[in-house]
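Protein chains in written order, with our numbering: chain A, 1 to 184; chain B, 185 to 416; chain C, 417 to 1011.
Accuracy of the hints is not assured; some may be wrong.
Stated by the list, open to error - Simulated crosslink set (SDA-like; lysine to any residue; CA at most 20 Å straight-line):
id : chain 1 : residue 1 : chain 2 : residue 2
1  : A       : Lys146    : C       : Asp978
2  : C       : Lys934    : A       : Lys81
3  : B       : Lys343    : C       : Phe966
4  : C       : Lys934    : B       : Gln261
5  : C       : Lys834    : C       : Asp871
6  : C       : Lys756    : B       : Gly350
7  : C       : Lys944    : B       : Pro258
8  : B       : Lys343    : C       : Pro433
9  : B       : Lys343    : C       : Thr456
10 : B       : Lys343    : C       : Val979
11 : A       : Lys81     : C       : Val979
12 : A       : Lys146    : C       : Lys834
13 : C       : Lys756    : B       : Ala338
14 : C       : Lys934    : B       : Pro258
Since the hints were made in silico from the structure, they are not lab data.
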Amino acid sequence: MNPERPKRKLRVATTSLAGCFGCHMSFLDIDERLIELLEHIEFDASPLTDIKTPGQCDLGLIEGGLCNAENVHVLLNMRQKCRILVAMGACAINGGLPAQRNHLDIRDCLQTVYLTGVGLNRGFIPNDPELPLPLDQVHPLHDVVKIDYFLPGCPPPADAIWQFLTDLIAGRTPQLGHGLIHYD
Amino acid sequence: MTFTLDGHDIPFEPGQTVVQAALAAGHYIPHLCYHPEFQPHGSCKVCTCTVNGRTATSCTTPASEGLEVASETPEIQEIRRDLVQFLFTEGNHFCPSCEQSGDCMLQAVGYELGVVTGHYNPLFPNRPVDASHPDVLLDTNRCILCELCVRASAQIDGKSIFALSGRGITKHLIVNAESGRLGDTQLATTDKALDVCPVGAILRKRTGFRVPIGRRTYDARPISQVTVEPAK
Amino acid sequence: MLHRGLSEILARHRYEPGRLVQILRDVMQAEGYLSPPTITAVAEALRVPRSQVEGVAGFYAFFATEFRGRYRVLFSDNITDEMQGSGELRRRMLDAFHLELGEVSRDGQVSVGLTACTGLCDQGPAMLVNGRPIARLTPARIGAISALIRGGSPVEQWPDNLFTIDTHVERRDRLLDTVVEPGAALDAAITRGATGTLAELRASELRGRGGAGFSAGQKWTACAAAPGPERYIVCNADEGEPGTFKDRVLLTTHIGQLLEGMTVAAHAVGAQRGFIYLRGEYPFLEPIVEAALAARRGAGLLGRDVRGVRGFDFDIEVHHGAGAYVCGEESALIESLEGKRGIPRNRPPYPVTHGYLGKPTVVNNVETLIAAAQIALHGGAWFRTLGTPKSAGTKILSVSGDVARPGIYEYPFGVTVKQVLADAGAERAQAVQVGGPSGVLLAAHEFGRRIAFEDVPSAGAFMVFDETRDIVRVVDNFARFFAHESCGFCTPCRVGTTLVKHMMGRLTAGEGSRRDLKDLTRVTRLMKSSSQCGLGHTAGNPVVDALEKFKPAFVDRLPSLDVRPVFDLDAALGPAREATGRDDPGAHFGHGEET
Chain A
1 MNPERPKRKL RVATTSLAGC FGCHMSFLDI DERLIELLEH IEFDASPLTD IKTPGQCDLG
61 LIEGGLCNAE NVHVLLNMRQ KCRILVAMGA CAINGGLPAQ RNHLDIRDCL QTVYLTGVGL
121 NRGFIPNDPE LPLPLDQVHP LHDVVKIDYF LPGCPPPADA IWQFLTDLIA GRTPQLGHGL
181 IHYD
Chain B
185 MTFTLDGHDI PFEPGQTVVQ AALAAGHYIP HLCYHPEFQP HGSCKVCTCT VNGRTATSCT
245 TPASEGLEVA SETPEIQEIR RDLVQFLFTE GNHFCPSCEQ SGDCMLQAVG YELGVVTGHY
305 NPLFPNRPVD ASHPDVLLDT NRCILCELCV RASAQIDGKS IFALSGRGIT KHLIVNAESG
365 RLGDTQLATT DKALDVCPVG AILRKRTGFR VPIGRRTYDA RPISQVTVEP AK
Chain C
417 MLHRGLSEIL ARHRYEPGRL VQILRDVMQA EGYLSPPTIT AVAEALRVPR SQVEGVAGFY
477 AFFATEFRGR YRVLFSDNIT DEMQGSGELR RRMLDAFHLE LGEVSRDGQV SVGLTACTGL
537 CDQGPAMLVN GRPIARLTPA RIGAISALIR GGSPVEQWPD NLFTIDTHVE RRDRLLDTVV
597 EPGAALDAAI TRGATGTLAE LRASELRGRG GAGFSAGQKW TACAAAPGPE RYIVCNADEG
657 EPGTFKDRVL LTTHIGQLLE GMTVAAHAVG AQRGFIYLRG EYPFLEPIVE AALAARRGAG
717 LLGRDVRGVR GFDFDIEVHH GAGAYVCGEE SALIESLEGK RGIPRNRPPY PVTHGYLGKP
777 TVVNNVETLI AAAQIALHGG AWFRTLGTPK SAGTKILSVS GDVARPGIYE YPFGVTVKQV
837 LADAGAERAQ AVQVGGPSGV LLAAHEFGRR IAFEDVPSAG AFMVFDETRD IVRVVDNFAR
897 FFAHESCGFC TPCRVGTTLV KHMMGRLTAG EGSRRDLKDL TRVTRLMKSS SQCGLGHTAG
957 NPVVDALEKF KPAFVDRLPS LDVRPVFDLD AALGPAREAT GRDDPGAHFG HGEET
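One chain only, chain A, in its complex shape (with noise of 0.2 Å):
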């Protein structure tokens, strides 16, 4: 890593939008590699911390697309807060396995789920305000702030994070070679 660069940590917020963790599990892949890493950054909210809001961040880490109006607000937050949004992972990127929801009519699906669906009885779509409403459509994140990064894979592969972090801790531009760029 670069010597003349200021010593300071980075900070990075991570979280999960409509996603499954599984970005999150692939990160703590890169095992023992962790502790080099926390020599580089610091995190700050993030599921492996537990803080809930971001401060402000040099870098954010988002999986999961955007499917309701909570995933909306936390993303805009998170773009506010980071000076570079990394979308981390197929859901990020383009929706995802969520998405495959996009040709459905969102009423439709409540209907099905909470009404009409086998072995429902009387049952009622939940409409408690603390339950963020869902988007008609599942949409990827740069449908809706800018985003610097792309980091693909279902999940990325935890040498791909790695790959991903060293060089953007050293100034270089990610580069993911064959191996590394997955869309599975």
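For this one, chain A is given, so just place chains B and C on it according to the hints.
Using the frame of chain A, we list chains B and C on its own:
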């Protein structure tokens, strides 16, 4: 007789196009709608090169003496990346749930070109899945409109099971049945049309996971190697 | 299962699969749409795969594969129609029938939709009702038309005055003024001999008037030299470029000279058959063309042994387009003539050697063929006396938009834009779209430029926008046009035109972002460098020109300089609000807080 490709001398025989001669000489040029067994038609445009200073599809450009072809220039690779991104933007390509993943040429060309995002705002078209045929699944969400199945069915199977209708962004694959269902066509499991889909739009049923994810064609080696040295 | 109407149509077209587009057009006229059983019946009768017929049925805009109502109203959606108040008239008509755009009324009586420029820009707003054009729309006319539809009277029985199309010739020059007595040019060509005629045409330096400007003499010479006994002459009368209507006028006033020009071409290259590919929007010209053809057959100017020359057999038939701008591209036009989807072919080989049915074919524009007839009569040197060094002769312009006197203007090549504007009575013009959307958008500082191949080439459209017009809206209209007309064969044009449409839509609505401006540049560059044909190569032109010459108009409507959501966040929650019955603050996005 030779032409040059990125400075390399490429020998060719009369009648060969630039892609055919290049591949025969062991030089990969990215392509999707080109297939060695069919007359090239040049619709995907991914094989675009600079030919004597002008951009042209190398699959339809006849090889000729002294031609100067540039393929791996930054400008041409940028064009190809954009075209692959267009294809991802246009369809519904959810690789994690596609049983063709790892054997898919669209994916592999994306890897080859370093494509990490569709870049544009996805169109999320509403396209049908047709499971009516007992042995074949047709999922047009993944179709890239290369017309290889159209050509194979018409030219080799003699059936015209597949065709294109609509135009522009609404252009879509259709099948040869009034019901619009694949199960009502004369498609047979021995048809060539089943074996030419470069993506996961036409799939044989009950065979999808014989090779596990991670050990498939383009997981092991990049498409640039697989294409010019398939046997390795 | 063939019912009698269908059998008659098929018999009229001799059950030829090559006439599929013509057959489907007649079925549309008779039945209003192409139902799945009808498509099956046509395929079986022609002994072609059903998928092929469905493919063609789905390609052309004037073919409907779903029931669209007994009356199918399509408002012309060119920017000039918009400027003439088409939007308000459309609203009026939709309201009259309680319809949304594109929707069919519940009783199946009527649908109201949009169609590309109908070539009536000098007398818009215009519409098509069951394929028949009606010009000069006013609230009163809309009322009358709505009443006729309500009353259910067949379109054939509507008052004739609804369908009159005016001919506005505002400035005449040599092409419009030259008289060619029937057979005179042909006699001159016969006397001179084929080789002599080709030499004369080359000497004239006549260049194609359809836009590309290829030498007509070279084209004819190459076709004559191509091997094989069969040859074809095709007149491209498919003027689909928005803002262009000069061929409509020429076919009305100079049909005799056009047919003469085609016959001269047939003599020069050795062709036996000719086609006029007539725009689907111009059915009212069919009787004029057919009458002229009949007269010439009667006079021995068409048919066997034309003009008494033994073995000189030549006749011409009319093919109708069916709503596909791309068929103005010569190889796509030939595909359409062969009854297929109008997809541009790979070139080489070119039509002069491998055209209609793979045989040598000359494809020329209406204006080019009329000029060729005059050259055959008066010689190449005579033709060269007008114009500029690289653009011999005159050019006919279709002038429309913000001018006092819209119509046809003929000038020698080299006329300045300023001159045309003055003659047409354009005051305070801020921009002119020369050559239509695929041409060049000129700003006021460029009005000194000349219409000529060496400066601003033009297929004839000349749309004027005064200072009150919003250039971003103009470009948005053109973007919608190209997305609608892309044939979809190649990736860059198919996807690119739609992405441009979406980005222009956002920018026009004030919902765009800097990223859209950057991506517009990126997408239009890709379309230009890698598309299959001229449509894709030029589809980005208005965007590129406007971004260069009217950038502030774009930047002014950016609500912020950052990336913005590409969809309406609050509206995206609408369906779920409806399903849950919620209306609390959490069920909405506030205005402005997000960005």
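Sort out whether proline 258(B) lies within 20 Å of lysine 934(C), counting only the CA atoms. holds, 19 Å
Given the proposed pairing of lysine 343(B) with threonine 456(C), does the C-alpha separation stay at or below 20 Å? holds, 15 Å
20 Å limit on alpha-carbon distance, applied to hinted pair lysine 756(C) and alanine 338(B): holds, 15 Å
Is the Cα-Cα distance between lysine 934(C) and glutamine 261(B) 20 Å or less? holds, 19 Å
Does aspartate 871(C) sit within 20 Å of lysine 834(C), going by the straight-line distance between their CA atoms? Holds, because 14 Å separates the two Cα atoms, which is no more than 20 Å.
Check the hint pairing lysine 934(C) with lysine 81(A) against an upper bound of 20 Å on the C-alpha distance. violated, 25 Å
Straight-line Cα separation of lysine 81(A) and valine 979(C) no greater than 20 Å? holds, 16 Å
Given pair status - glycine 350(B), lysine 756(C), alpha carbons within 20 Å: Within the cut-off at roughly 13 Å; holds.
Does valine 979(C) lie within 20 Å of lysine 343(B) when you go C-alpha to C-alpha? violated, 49 Å
For the pair supplied as a hint, lysine 146(A) and aspartate 978(C), is the alpha-carbon distance within the 20 Å limit? OK: lysine 146(A) and aspartate 978(C) at ~8 Å, within 20 Å.
Does lysine 343(B) pair with phenylalanine 966(C) here, judged by a C-alpha cut-off of 20 Å? The hint is violated at about 53 Å.
Given pair status - proline 433(C), lysine 343(B), alpha carbons within 20 Å: holds, 17 Å
Of the hints listed earlier, those the structure fails to meet are numbers 2, 3, 10 and 12, in rising order.
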